[in-house]
Structures are given as C-alpha cells and as structure tokens.
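Participant: The primary structure of each chain is shown beneath.
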Amino acid sequence: MNTTNHTNNVLVELRGIGKFYGRGQRETRAVENVSFQIRDGEFVALLGPSGCGKSTLLRIITGLMPPSAGEVLYRGKPLRGVNEHATIVFQTFALFPWLTVEANVQVALQARGVAPAERRARALKLIDLVGLDGFESAYPRELSGGMRQKVGFARALAVEPELLCLDEPFSALDVLSAESLRGELMELWTSHTLPTRAILLVSHNIEEAVLMADRIIVMDKDPGRVVTEIQVALPQPRHRKEIHFLALVDRVYAAVAGETPVEPYVRMGTAPNEPGKTEMLPHAPISAIAGLVEYLAEEGKRADLYYVGEKLSMELDELLPAVEAVELLEMATVTGGDIALTALGGTFAAATILARKEIFAQHIRPLPMFRWIMNELQRAEQHRLPLDFFLNVLESEFTAKEAERQFNTAINWGRYAELFEFDDDRDELYLTNGSTPAAVGGSTASAK
Amino acid sequence: MRQRTLTPSVIPGPALNAADVLIVGGVIALLAFGVFLALDAPADLTGPDIRLAPVYLPWYTTFSVLRMAAAYFLSLLFTLVVAYAAAHIPAAEKIILPILDILQSVPILSFLPVVVLSLTAILPEELALEIGAVVLIFTSQVWNLTFSFYQALKTVPNDLGEASSIFRLNPWLRFRTMELPFGGIPLVWNSMMSWAGGWFFLMAAETFTVGSRDFRLPGLGSYLQAAADTADMRSIFWGLAVLVGVIVALDQFIWRPLLAWADRFKVEMVEADEPPTSWFYDVWQRSRAAGWWTTRVQSPFVEWLDVRAARRMRAQNENAAPPASAPRFVRLILLALFAGVLLWGAYSALVFLAQVSMDEWGAIAVGAGASFLRVLFALAIALGWTLPVGVAIGMNPRLARVLQPVVQVTAAIPATALFPIIVLIFVQLTGGLNVAAILLMLLGTQWYLLFNIIAGAAAIPRDLVYTSQTLGLRGWQRWRTLILPAIFPYLITGMITAAGGSWNATIVAEYVTFGGQTYFATGLGAEIAQATAVGNYPLLLAATLTMIAIVVAFNRFFWRRLYRVAQERYRMD
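Residue numbers (my numbering), protein chains in the order written: chain A, -11 to 436; chain B, 630 to 1202.
The following block holds chain A by itself, in its conformation from the complex:
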C-alpha cells in the first residue's frame, strides 16, 4: 500500500448511488445503492463482470452522467455537472484522428483557456513524460495501440487532474504493450511525479487490479452493486508469480465468481411474462460452454478459476458467462474460487455430439426462459411465432439491448438443443415435429 501517500482525506464519496433506466414495470436497474469512498493518495480498482455497471459508475463519478438516486460528493461538496478535477483515459483512446499527437494534448488545455505558448510547452512536456518525444506531429493512426494510449494518458495528465479515471485503458492493447504501459504508469504514480491525488481504475482483469490497486471494489450484476472490498496490502512493485500475489488473485476470483448455490432452483427467477424478476441467461456461446467442460474433464475435473482463465486465455468477461452457464446447467459447481465438474458435466464431456444435444436440451428445458418460449410455440397456430412477439415481451422486462442479447442467447442455445428452429427469411421461431427431443422421447405430456 502507498502508506506514504495515504491520508484520510476523502476525495470522492458516493452515497447510495443508483442508475435506473425506464419507468415502472419496464425499469431496469443498472446500478443500485452503491456507496464507497476514494481517499487522497489511493489507487482504487473497480472490478466486476461486464454489465455490472462499473463504467456507468465511472461516468457518474466524473459527472458525465447524472445518477438517478443518491449523490456524489467531491471533497465534501455535491458534484454538479462534469467534475473539473477529473479526467478519463478511455478504453478506445478517444483521440481525435484528425489532430496530431500534440494537438490532441493541446485541445484539453485549450478548453481551459491556457494561452498558446504555455499550451505548447505543457503539451510537449507531457508528451516527453510518457515517452512520445519525436512523435509530436504524428497522427494517431500512424501510431501503435500502445502509443495511442500514451497520448491518451498525456492528454489526461496535461490538465493536472486530481482524480485520474482509467476506463479499462489496457484492454484494447496487446499483452506486451499493456504490461509495459502498466509498469510506466505505476512508476509515475509511486514516484509521486504526478500531480494526481487519486486513481480510479475500472477493469475486468483481476490480475491487473491486484497488480496496481491499493484497494479493489468488487461488483456484481443484476443489479450492479458492490459485493465486497478487498485491501491489497502488498508493497510496490508487485510480482505476478509471488505467493501472496497469487493468493490474493485467487481470493478476488472467488469474490467475483461467487458460489454455486446448493439448490440451484432456489435462486431461479421467473419466466418472462410472469410476475417476479425474470431470470437472465448468461451470454455464453455453446462453444465456450462445451470448451470449458471439456477442459475441466481433461484437467481432472477440478481447477482454480484463475488458472482456467489463464489457460484458456479467456478474459473475465468471457469466462464468467461460461462459468455461470455450466453452473446453471449443473455441469459444474464453483466454491472458493475453484470450479469442479459434476457427474453430469463428466458425462457431457464424454458424450457424442447427439447425446450432448440431448443432455443440453434436457437441462435447458426447465429454465424459465425456455419453458416460456416452448409453451408459447406449442400454443401458437402451426407452432410458429414471429421474433417480435418474443422480443416485445422481453423488452418489457429488460432494456432493448439486453432483451435482444437475452433472446439471441436463447435462440443460440435452443437451436443447438434442437428445441425449436428459426426461419431467418420470415423472422419466425417454429417447432418441427422431428426436431424436438420432446417428440423423440415421447414425453408429449410436458408439451401440454
């Protein structure tokens, strides 16, 4: 921890922050009741799966987006509008492609009314600091990803922000550039070269968070909320192979992945169109689910999640949905950051293609989403319904974007399981007699 920097001065305080979209029945909660503080001298990481609202929180903290509930205090005063003491380094760099490196950095200063001569001097100094001297007159498209992000850092630092917000700044970079840029940032930060008082890093990369932050705030989704906070009391510079480091990474993994409930049906939500909260499908493609199960079978049925992620080179936002899916299908359980294959998972891994489809079909059929789709199709004339019928119902439960994602996942799974077919020309879902395992198994009772 940066004990030297650490004082108890609170820079940012979030009080009961919520962000809701839509109204009444259609309301979705992107973020709910989030409270935490960022103190002077702290490096805080906001960690969580995609969809947990961490980027939304960052925009609320910087004032780009007003919260629907609660308030943000900056140095004890309620924040109104964009926070002039904060800047953001963007995942996508957000550089103006038609401006040179120098002009990109200068724009930030110009907006604050800095005179031309000083503007130029300060921009050059910052470009120098991030190691881009010689590239002042280059255009962003002439630079590599890592160099572009250096411009992003130079621009953000040029205005001498008190709060530096990093919105997954390394995730669009190749592994090597990302690692060297992380190192350079930590060097600047720990040597107090920067006028910056605190850094907030939004990330879905657990190792990155453990490597850099003093404190990790772990979030989960549906709704986006804070699950726990983990202090990282390791001295800088930190080493990835060191035993305490690995132990902490494991601990964070456990916190992020959660635990498989003993009785899975207990936590299940309702089907669309029924009262209660609709259960969501994790957005995992079939290939990721099958791949994960196969990998676990090869690994001796149990493995560290952290290890699995590294071995399959899956980022957290790919790994977590796959893990959630295998939990949902009862093919694996997660406890304390470990994932273990169940007997069913073992059978699935060893099964033929057709048998796999059968197993898959059996286990998604009871899920509320599929129960609902199948029932509607059974009832429909000619067992055919237009996509919009389903989408409209889902859109009353989720945001339009999420409704579409939910439905795409459902179609993806359902087609694989041969529960139903999809007519692309007419945009309709339909049941075919031969293709439903229900008909094959003769269990027509469930269809009624």
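Listed below are several chain B residues computed to face chain A (Cβ distance under 8 angstroms; list not exhaustive):
#1 I795
#2 L802
#3 A939
Just so you have them, the derived chain A footprint on chain B, three or more residues with Cβ under 8 angstroms:
#4 784 to 792
#5 804 to 811
Pairwise CB distance ranges (calculated):
#6 A235(A) x L934(B): 56 to 62 angstroms
#7 A57(A) x P904(B): 47 to 53 angstroms
#8 F24(A) x L963(B): 46 to 52 angstroms
#9 S125(A) x N1025(B): 38 to 44 angstroms
#10 F24(A) x I718(B): 35 to 41 angstroms
#11 G122(A) x W1105(B): 57 to 63 angstroms
#12 A1021(B) x Y283(A): 48 to 54 angstroms
#13 L182(A) x V912(B): 43 to 49 angstroms
#14 S125(A) x V1031(B): 34 to 40 angstroms
#15 A105(A) x L934(B): 15 to 21 angstroms
#16 N396(A) x P1026(B): 36 to 42 angstroms
#17 R1190(B) x E369(A): 23 to 29 angstroms
Worth flagging that the hints you see were computed from the coordinates, not collected in a lab. Here the structure is a predicted model, which is why all the values come from computation and not from measurement. Glycine residues also receive a C-beta, built at the ideal position from the N, C-alpha and C atoms.
Fit chain B to the given chain A structure using the hints.
Facilitator: Just chain B now, with coordinates in the frame of chain A:
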C-alpha cells in the same frame, strides 16, 4: 476505388405519419401562395438576346458559375445552421427531419413554373429570374447536404463525445475540433453530388421558356439552346467544350483537392489502401503560399475565434439545467399561426382546384399515366445497359482505371444542356416528342444507376468471387447467386435516385420550344408547362400537386420498402 454515389437518407418508421401530413400541407400551402401571387405575373416576357460569338462565352460562363456558387453557399450555410440545430435541439429535430424527408423526394423542377411566375409578379423581371434560378438550384442541392451533416452530427462516436465533455470543450471548440471534422467527408462528398446535380437545374432554369413567356437567363444553358435553335454546330461545340472544361476544372482544382484534404477526417484508425489523391493538392501543399496561409491567416484567425468563443460560452456541461424551452403561450401562438397558414393554404388550394374542369382532371390523369410509363421505360432502358456495363467495370479494376475518367466526364455534362441538341436531331427523325422525351429523361438518370452499380460490383468481397469461381458458377447462375444479391442494395439506391430524376426531367423533356416551334408530348410535365404557358393557374396547381403526390407516394410505399429489404437482407457485413 471510390465512387460518387448518392445515398438516399431513409428515416425508419411508418410510411406516412401525422408530421408528414402536416409537411405536405405546408408544401401545398406554399404552392397555393405561389400560384396566388402568379395571378399578377406579366403575360409576356421577352428573354435576353443570346449572342453566339465565342467572345461572349466567358461572360455567360461566369454568370452560370456565379449562380451555382450563390446557391451552393446558401445551401452550405443552411446546412450548417439547420443540421446543427436538428442534431442539438430535440424540438427542432422533430420539425426539421420530416420536412427534409419530404422535400428531398419532391420533384424540384415541378416548382420551377410556380416559383418564377410568382417572383416575376412581385419583382423586376431580371431580378426575379435570377432569384428564381438560385432558389431552384438551392432546393436541389440543400437536402442531401443537410441530411448527411445531420447524420454525421448524430453519429459522432460516443467516446469522442465523452472525451470532449470530460475535457470541457465549449460548444464552439466541440464544433470545430470534433463535429465539423467528423462531418467533413460526408460534407465534401455531398457537396460534389449537389454541385453536379445543380448543373442540371441551372441549365433548366436558364433555358425555361413557355409560350410567350420567355424566362431565359443569360448563361451557358441559354447559349447552348440558342446555338441548337439555329443549328449552329460550331457554337454548339464551343458551348459544350466550355461547359465540360468548367466542370473538369472545378473537379481538378476544387473537389479533388478538397477530397484529398478531407481524407484526414476519417475516423478509421487504419491507413486506406487507396486514399483519394490530387496533384493540385500536392502542389499546393508543397507551395510557400500554403505555409503562409496556415501560419499567417488560418491559425491566427482560428485562435481569434477560439478566444472570442471561449469568452462567450461556458464549458459545455452535459447535465446542467436543461435548455429553457419557449414559454407555453409562445409555442401556442406559433402553432396557431402555423395552423392558420395551413388552413389558408388548404382553402385557397381548394378554391383553385375547384376551378379545374373534369376534362382537365382527365387530361392530368392521362398525362400522369403517360409520364409514369415514360419513367418506367427510361428506368428499364437505363437498367438494361448499366447493369452489364457497371458490373463489368466494377469487377474489373483494370477496365475501371481506363473507363472511370471517361464515364465521369461524360456523366458530368448536365442532361439539360444536351436537350436542345437531342431535340434538334430527334424531333426531325421521329416527328414528335413522345419518344424523344424518354431519351431526354434517360440522359439525366442513367448515371446514378451506373455509378451505384459500379460501386456495388466493386464492393463484392474478393473471397466470394473466388468461391464462385471454384464452384464453377457461370452465366445466369453466377448472376443469380453472386452478382445480383451482392449489388442489390446499391441497385435499389441507384433506382430510387434515378426514378426521382426521371420525374424531375419530365417538365423539361415533355415540352420543348425549339426553333420558334413548340413541341410537346402527352404527359404530366407537359401539362404543367402548358398550364404555365397559357396562364391556367388552377391547372398548374393541380398538375404540380399530382406530380408531387405520385412521387412522394411511390417513395413511401414502394421504394422505401424495397430499400429496407435491401438493407436488411442483402447487406455485406
């Protein structure tokens, strides 16, 4: 290879909604008002004396180019203001978008008689005609410009928008460093398209004559017409040579350099394979004048603007208090005024229309049918030759390199400039205008199709071409499985523009005064022209409205659906 294509902007939504009805009402009111004014139009107008000696050509050319430039700068100004307002003020957006959508599909040329007649009634003749020409060109240029800039403003990447908020760029800086550059490429492309389209209307306006009313203006168009009138081949040659020269010069010295310069405004972070180039731009870049211009004129001026703007504007603050909307009573008054104008317009339109006899309605119906058939024929013929030729050029880069410049120069000659010459040949051959009119319409519209087809064929992914080769697809099968589906969206885009162009051309194609004689074909365009000639204003209004109704209805109920299918089913990504 870049192609000049014009993409129609299609707003999603139902075919016709309340806003559309209001807009159409507004257009009717405007036309009715124009016709109302036109009642006082002088019955006889003597046009200018056009001198055919080549020494006068520079003058005529200057007049023509100035008219174009005036209309274009008006369009640009309108675009910057209106598109910016539509993109930033939700209330304005609700009004502006439907207006643009309807107006861009209306056959502009059908307004010409009403516009010039009403203007000559209230203004001195020469001024009225000049304004009429500029207004006409303006209305032909402005809609696609405004639409494309509006769309650019609305699609500024989210992260750039957030970056300019977090770095607190004021509205002016935001506009200068983000919005204007982002809209730069569409603005330049659409300016080129608008300018090319503008020639068509300029020539039409300069040569417009009906009966004893000679609305001509001194310019290149009227020069060519006068030359054809007297069958003076030497003058025809000189006129065409100057016209082509001007168009090529503008292309080389203004549009190409602008395109090459605007390439920096693309958002893609990769270098293009074939960025647009311009020799003139390269020369300019290397010159001392360019350096002097940037450091001594441009930079200080921009800095001066920045400082002025910064003093006047606070930093743009996203969630500061919402902009105050006009008080309720002001809005109510405005609404009432608008409704009043609409009602008055509808009423006077009805009064006019009531004077149209059943026979005249019958003539309008027959004319509409004839014009419709002519449009169909023109489209079919255009499709017949552009499809094979366009695909051949588009799929063969070597052929494209040779033919492209030829095609572009040929296409740049506005069809209306060639009308007198075509008439000179065809009327003598076929003895009437019924067939020649199709050819005249074809001239104006085939290029849209050709360019779109070339663009579509050039965009067919190479791997699909190779696959169809390895599969041994040949002849019709190759067309059916590969080429037609791949170019379908482009084909539809081209046909929409071409059909619109054909309707536009009917007025000048179906009624021609030539060599002191008047030729006309059976058609809606001829009805409009004749009504103008004899001063039958109710008939003029009825025929104009009929044409607008036909074109708008076709756009909404036929083309728009087809376009949507093309976008959904046959997109290449």
